[in-house]
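> Just so it is clear: in the sequence shown, position 210 is 210 by my numbering, and no numbers are missing.
No wet-lab data here; the hints were simulated from the structure.
Where is the CB? At the ideal position from N, CA and C, for every residue including glycine.
Heads up, a few of these hints could be off.
[What the hints assert, rightly or not] When the alpha-carbon atoms are kept at most 20 Å apart in a straight line, the in silico EDC-like pairs for lysine to aspartate or glutamate are as follows:
id, residue 1, residue 2
1, 110, 82
2, 205, 193
3, 185, 126
4, 157, 99
5, 97, 142
6, 209, 188
7, 138, 172
8, 59, 126
9, 111, 89
10, 205, 95
11, 190, 95
12, 103, 188
13, 138, 120
14, 133, 99
15, 111, 70
16, 59, 95
17, 177, 82
18, 138, 25
19, 131, 70
20, 190, 126
[As the list claims (entries may be wrong)] Pair ranges (Cβ atoms, derived):
id, residue 1, residue 2, range
21, 208, 167, 28 to 38 Å
22, 128, 163, 37 to 47 Å
23, 185, 20, 15 to 25 Å
24, 7, 31, 34 to 44 Å
25, 185, 163, 37 to 47 Å
26, 100, 70, 17 to 27 Å
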Amino acid sequence: MVYPVWRIILWPWYRLWIRKVEGLENIPKNEPFIITLNHSSYYDIVLAYGTVALTANKKLHSLVNSRYWENSVTATILNHGECIPVYVDEGKKSESKNEEALKKALIYLKKGELVKIFPEGRISIDGNLQKGKTGAAKLAIEANVPVLPIGLINTDKVLPRGKFFPRFRRCDIKIGKPLHFNYAKNPDEKVIEATTSKIMKEIAKLTNKTYNY
């Protein structure tokens with residue numbers, strides 16, 4: 001059983017703010033996959049652990065902004081969870097570091113485990129979908145694994161930006177059908193961008209939002 005403490009102690013408390021979870025039947029069985037979600041609140045961070053990882057009974061590795069390793073407490077938690085740092089704000093200097101991050105994620109997928117990515121890369125200021133970054137698409141094509149799109153609704157109402165404690169609101173989680181991308185290796189940028197757009201548009205459908213990129 002993966003994450004026994006989370007399953008028994010933490011998740012029952014955390015899900016007090018969840019009104020409904022739909023689509024658990026869409027979670028792939030007996031194969032690795034990539035989880036992609038929209039991101040509008042810090043409350044989003046562990047939802048995939050409680051819904052997907054516990055249902056699939058697989059270890060999950062999250063790609064997380066590298067700045068959270070600057071704090072020793074959060075760094076200890078992230079390292080314990082075998083999270084992977086990605087570099088969001090460093091421009092060209094971040095490209096080689098992020099290539100290493102995707103290589104590490106690929107290793108976990110080849111071991112049969114799960115990888116979670118927020119394609120937007122950061123929390124949305126207004127709750128609308130931001131332009132998706134291409135990491136999830138690149139990884140899905142390279143690893144030849146499905147992408148599981150998830151829409152999070154009203155998590156920004158549960159824990160708004162700038163707040164430290166959840167409000168008395170509840171959110172919904174909608175898990176879509178897995179997306180399969182059976183492309184040749186080394187796709188060009190046009191294919192990668194189209195794949196990213198398809199992932200984000202599926203998330204848009206699940207959240208009843210539009211994706212305008």
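> Identify every previously stated hint that the structure contradicts and give their numbers, smallest first.
The structure conflicts with hints 3, 4, 6, 7, 8, 9, 10, 15, 16, 17, 18, 19, 20, 21, 22, 23, 24, although it agrees with all the remaining ones.
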